[in-house]
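2 protein chains.
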Amino acid sequence: MSVPRAAVPAEPRSVPPATTAIDTASLKPLLEPRSVAIVGASTVPGKIGAIPVAMLREYAFPGEVFPVNPKADEVFGYRAVPDIASIPSAIDLAVIAIPAPGVMAALESCADKGAKAAVVFSSGFAEVSEEGRAAQQKLAEFARARGLRIIGPNALGVANIDAGLVASFCPFFKPRFAPGGAVGLVSQSGAFGGYVANLAQDRGLSFTKWITTGNEADVEVADGIAYLAQDPATRVILVYMEGARNGARLVQALEMARAAGKPVVVLKVGRTAVGAEAAASHTASLAGADAVYEAVIAQCGAYRASSIAEWFDLGYAFAFGKAPKNNAIALVTVSGGVGVMMADEAETGGLDTVPLSAAAQDRIREIVPFAGARNPVDVTGQMLGDLAGFEQMVEVVLAEHPFGSIVGFNAGAGHKEENGFRIQKVWETVRARHPDAYIAISGATPPAVQRAYEAAGCLVFTAPDTAVATAARMARLAARLAEAPSPIAAPGAPADIPAHALNEHEALELLKSAGLPAPDVRVAATPEAAARAAEEIGFPVVVKILSPDILHKSDIGGVALNLATAQAVREAAATVLERARAAAPDARLDGVLVAPMMPKGGVETILGVTVDPVFGPMVMFGLGGVLVEVMGDVALRRAPFGLKEARAMIGEIRGAKVLEGVRGTPPADTEALAAALVALSRFAAANADRIESIDVNPFLVFPKGRGAVALDAVIVPAAGRAAS
Amino acid sequence: MSVPRAAVPAEPRSVPPATTAIDTASLKPLLEPRSVAIVGASTVPGKIGAIPVAMLREYAFPGEVFPVNPKADEVFGYRAVPDIASIPSAIDLAVIAIPAPGVMAALESCADKGAKAAVVFSSGFAEVSEEGRAAQQKLAEFARARGLRIIGPNALGVANIDAGLVASFCPFFKPRFAPGGAVGLVSQSGAFGGYVANLAQDRGLSFTKWITTGNEADVEVADGIAYLAQDPATRVILVYMEGARNGARLVQALEMARAAGKPVVVLKVGRTAVGAEAAASHTASLAGADAVYEAVIAQCGAYRASSIAEWFDLGYAFAFGKAPKNNAIALVTVSGGVGVMMADEAETGGLDTVPLSAAAQDRIREIVPFAGARNPVDVTGQMLGDLAGFEQMVEVVLAEHPFGSIVGFNAGAGHKEENGFRIQKVWETVRARHPDAYIAISGATPPAVQRAYEAAGCLVFTAPDTAVATAARMARLAARLAEAPSPIAAPGAPADIPAHALNEHEALELLKSAGLPAPDVRVAATPEAAARAAEEIGFPVVVKILSPDILHKSDIGGVALNLATAQAVREAAATVLERARAAAPDARLDGVLVAPMMPKGGVETILGVTVDPVFGPMVMFGLGGVLVEVMGDVALRRAPFGLKEARAMIGEIRGAKVLEGVRGTPPADTEALAAALVALSRFAAANADRIESIDVNPFLVFPKGRGAVALDAVIVPAAGRAAS
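For the record, the sequence lines run as chains Y and R.
First residue of the first sequence: 1, per UniProt numbering; consecutive thereafter.
First residue of the second sequence: 1, per UniProt numbering; consecutive thereafter.
Think of the hints as simulated: they come from the structure by calculation, not from any bench.
Every residue gets a Cβ at the ideal spot worked out from N, C-alpha and C, and that includes glycine.
Please note that a few of the clues may not be correct.
Stated by the list, open to error - With a cut-off of at most 27 angstroms between alpha-carbon atoms, the simulated DSSO-like pairs for lysine-lysine come out as follows: (1) Lys704/R - Lys47/Y; (2) Lys71/R - Lys28/R; (3) Lys425/R - Lys174/Y; (4) Lys657/R - Lys553/Y; (5) Lys416/Y - Lys47/R; (6) Lys657/Y - Lys657/R.
Unchecked claim - Which bits of chain R does chain Y cover? Going by a derived footprint, with three or more residues having C-beta under 8 angstroms, they are: (7) 303-310; (8) 337-343; (9) 647-657.
The following block holds chain Y by itself, in its conformation from the complex:
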């Protein structure tokens, strides 16, 4: 009896990520307008209609500004016009700061004046009622019809710091953000966007563009990401999101950022929310919607942060510092114990605290005899007394190995400005000689000293463990960006999937035709036919009841294993048919399935597909048994994908070691498994609208070189189809 081999497809041809890129040019009038009208401009400081006018003045916006206010001649030094029709020239951007009922008419008038973009502050739309939702829908239709891009409604607006544009009533644009920032922000929530502006003020961080999208009648988070991806000033993109309606657009935007080599750091809420609909299949219950976001964000080369602090620290680090070029980290500390803590954090984050050579250790001990010299390097409290020696020690470290990052802990040594600047000068010199390394220091640092560090490209953190953890996260993200995107597999050919519930044989045959390895099985209507089938296949065989209505065959005694003779098959087939009739009198019985008995050994895995309402078909992989059932240890990818992603899925589950072989079992044929995942992803992509879910369980993976095989499968057709 031969084990079926996985039909390993050649790496499927790459297809371009998308043929129609998101139209970022249409966002230029929004973020780079030559002229701005503020409808509902107010002369009263602090009012929603006043803040953007005041801010345009504050930031010395170089274009034309037209406050629309029937009662004032002037608003914050700009000549007011009584109505939109009176604006003397064409406008690019309209800022709408009037109550909801007047918004549509105002937009029409602005469009007539040539406006190509609008920011709608007004609330009272989809966030309050069904009527509001309808009114918002009209705004969306108007935007599409007139080619006008709309931010909002119910949005806090946008800003382009370098261009002097603040089209927002957020109070945190004063004091003025400095030009020359590196961080682009896209926030779905205005309140959160304002909060982040405040965080940035406190941290001395400036934005390139600051975009809040509000109710997203038109412009959504994906548009903002795509715009920032092509914005030369933006070096890192921070995204806050609650959810996306169009997964494909989000994927496209993230891929644009990856293609531009720009890190995207996403804060997505709803980490623990479980999708409301109870999912029919096993796979669906394992792949909650949030897990889908998590998978898609990583698959597109972006990074999902697990806390606000982590998210913002990454923005800070990419703005002022350099991402580590490799995983080797050097740790320089005035406290041995804190060195251990930093090494803990490095190991947790996947960085390697490479020990120094004996020669380098000797050189360090020549400078300070009781220094810890291995890495972490404990320069001891003597450091402050001999900064030249300290500089020499750091140079010994960096000359020893091309460390991608170096993190220092000064404890309190630099807490006074005088000492702080003396230490800072040492690091500035080091930075000049090592322009590509991630350099961060931690400990007590006065604000002025901190600014000097940052100006020199050295990061400053209060806590040493955070400094190391941030290096690890940057390294991970930078590595994803440096890799070419995974070649995307072409979807397979659409299959002829019946609308009715599929039995095991139908499901396996479909998957087999899609390239998944499955055994040579026969359907037999009678015990006699079963015996003939067994003779064709070769003994020993398995006989199983065949019915789309009986999911747990073993439970009703519907499976007979290891049958060695035609007579045994005949008897077994009769028995299982009888038991099925007794146990499930209403079930549709399609006869019995005769399959070759699989050899012992092999690792049981589970492959699955669910169709996510936002991102489409998602492929799931996990190990059979407790790891999936109890620990929920699964990997997910958006379909279709290539072998590289499939290999990554296999490697990223927590139980991956099982496939490498534990306690003397041989390593499993992970290449056959990867090929099957690719084939399943292509099948799922080609049939996204025909299926609801697929479960291949178990998918048995034999030792390396011996292939793999799907032993059972359930395909649930899309709901609309099954009902037909």
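Dock chain R against chain Y, hints included.
Frame of chain Y, contents of chain R only:
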């Protein structure tokens, strides 16, 4: 055939945690001295010998101060004496700020002057060389001989803020810490202790006592914890440690803090360090030394923080706020999305975002029609315009349910002092009506407003997720403290453990006599004896080769299962003996073991013991198979312990659901399992010096009510004994 039942012992009698408490009275001269001499006092500001004198002046220390300096008449306004002998009256505390070679003589002179405690700043001891280690040992012996308590050497010293005592050269005691602090600090590292003082200055936090222990010739971290446990002013104890030499003392100190109802938050470095010695047994390799600390800290009711930020946030929270009295949390936000983020964090931390009743939700929507009313309560941006309405909403929430905690997110609403104080007043009113709740707000908060919140017992965090995570951690710690300590099991009776390697039968019999359930097995020297033994036990049986030198019996074909007749047993015994002789000609063969064949079903678990060099015998529990092998999913406890701890161990492994029954398997007999863990812990405690490790694998747990049984066991005698 009957399944052996676990011999469930009655809850073993409680024994007092320790008969000799750590002598905290001896630390009073150190932290509450009436007089202080500074040996090596300097008039040069910033010098090590100058700072403590200047600080005693700064803090207006009310006792006598004697700077010892042969060249100065006065040091920072205190009259100097030329040498120790010239000190005019008895002293309590000596601060030694001179080079190492003079330290011993200075200590002797100070002791002659009545000193009962000393702080030794001097470095050059165990941290630099073997000679230094010897000199330090002399200090330790002197301390014991003269009843003098010594901090250091190589220590940054101690401070007692309320008493005006700063016996430290740490530069961060200026500006002056306010009296009336709540946080006691014990840090093994001076550099880290200074860094924490700086963090405290930045956060507006004050210490009760601040203790750094340096090289720990005498006073160690455990002493500091014990002292703070009995210090009335200290409400929370922050501990930084690198390691303990005496585990029993640390346990005793932590238990003193628990008995006093004081939270202890520990930052322990070395999280990822794996013990250097490769451990002989399976269990040892799973229980690295750091995992032992982790387990012991929790077992003693303390909390181990995973980052500096988490650790310090907990100190801040216990200092200014109230620990949640229960797990119900209310979330009040101006941003719906951030409400979801807070709910995520609550769920992750084990808090329950209890939904409001329909009636309460209606009342909230009466105040703001489009408010999110379920919990999280989204008060919307309207809140600032109607603070009375906001207060009503918060009151509706708190009247609805006895929420243990309530966390607000203001985003930027309170960023200006005026608005900030208006919102703060609302929370202050709420706080007055709900004095026991954990109340924290987050968002942009000016420093003056923050101080007002804190004065009212409301915590302020920058990030909303941190505010929720801190509530969850406090709740966990408070719950541990509120519980009575787990009754500690008495150690069992010492057993007669042979010094040679034990075979399976000897090991199982020893454990059986200690109260672990094990099958009724017989040793047989010959096939004929095996057949007779089987007849006594009853069929079916298992026959296994018996040898202390053959660990993996199955691998050499040394196990025969399910033998139903005497003849089958005879043949099997002959075969396994033959195979063993062939496979391991040098092995000591002790015959064969005849055991009843166990019924199918049951969950395979692993119980183990290792003897930790610091904490003594530790009991390990995990599930058989991949969960232990691949995921390292184990629970650890210091032996001996009672049923409560045993139940907690069983519940805390990640795979605990397996024992509750998955996919139709019945729940396992966890009470029998818990009883076995208790019995094993008592055996381990009674025989700590006789064993190196114990492995009970598999320990089979049958369905509820049907007991459990040890199927195999390895006991490795302590190294010194096995060699004898």
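Are there at least three residues in the stretch 337-343 of chain R whose beta carbon sits under 8 angstroms from a beta carbon of chain Y?
Contact hint for the stretch 337-343 of chain R vs chain Y: holds, 5 residues under 8 angstroms.
Per-stretch coverage check for the stretch 647-657 of chain R, three Cβ contacts closer than 8 angstroms to chain Y:
Held - the stretch 647-657 of chain R has 3 residues with a Cβ nearer than 8 angstroms to chain Y, which meets the minimum of three.
At least three residues with a C-beta closer than 8 angstroms to a C-beta of chain Y: is that true for the stretch 303-310 of chain R?
holds (count 3)
Does Lys47/Y lie within 27 angstroms of Lys704/R when you go C-alpha to C-alpha?
Distance of about 68 angstroms is beyond 27 angstroms: violated.
Does Lys657/R lie within 27 angstroms of Lys657/Y when you go C-alpha to C-alpha?
22 angstroms, holds
Has the given pair, Lys416/Y with Lys47/R, been kept, meaning a C-alpha gap of at most 27 angstroms?
Measuring from Cα to Cα gives roughly 15 angstroms; hence the hint holds.
Taken at face value, is the distance from the CA of Lys174/Y to the CA of Lys425/R at most 27 angstroms?
Measuring from Cα to Cα gives roughly 26 angstroms; hence the hint holds.
Given the proposed pairing of Lys71/R with Lys28/R, does the C-alpha separation stay at or below 27 angstroms?
32 angstroms, violated
Within 27 angstroms, alpha carbon to alpha carbon, are Lys657/R and Lys553/Y?
Satisfied, since the Cα-Cα distance of roughly 25 angstroms is no more than 27 angstroms.
When the structure is compared with the earlier hints, violations turn up for hints 1, 2 and for no others.
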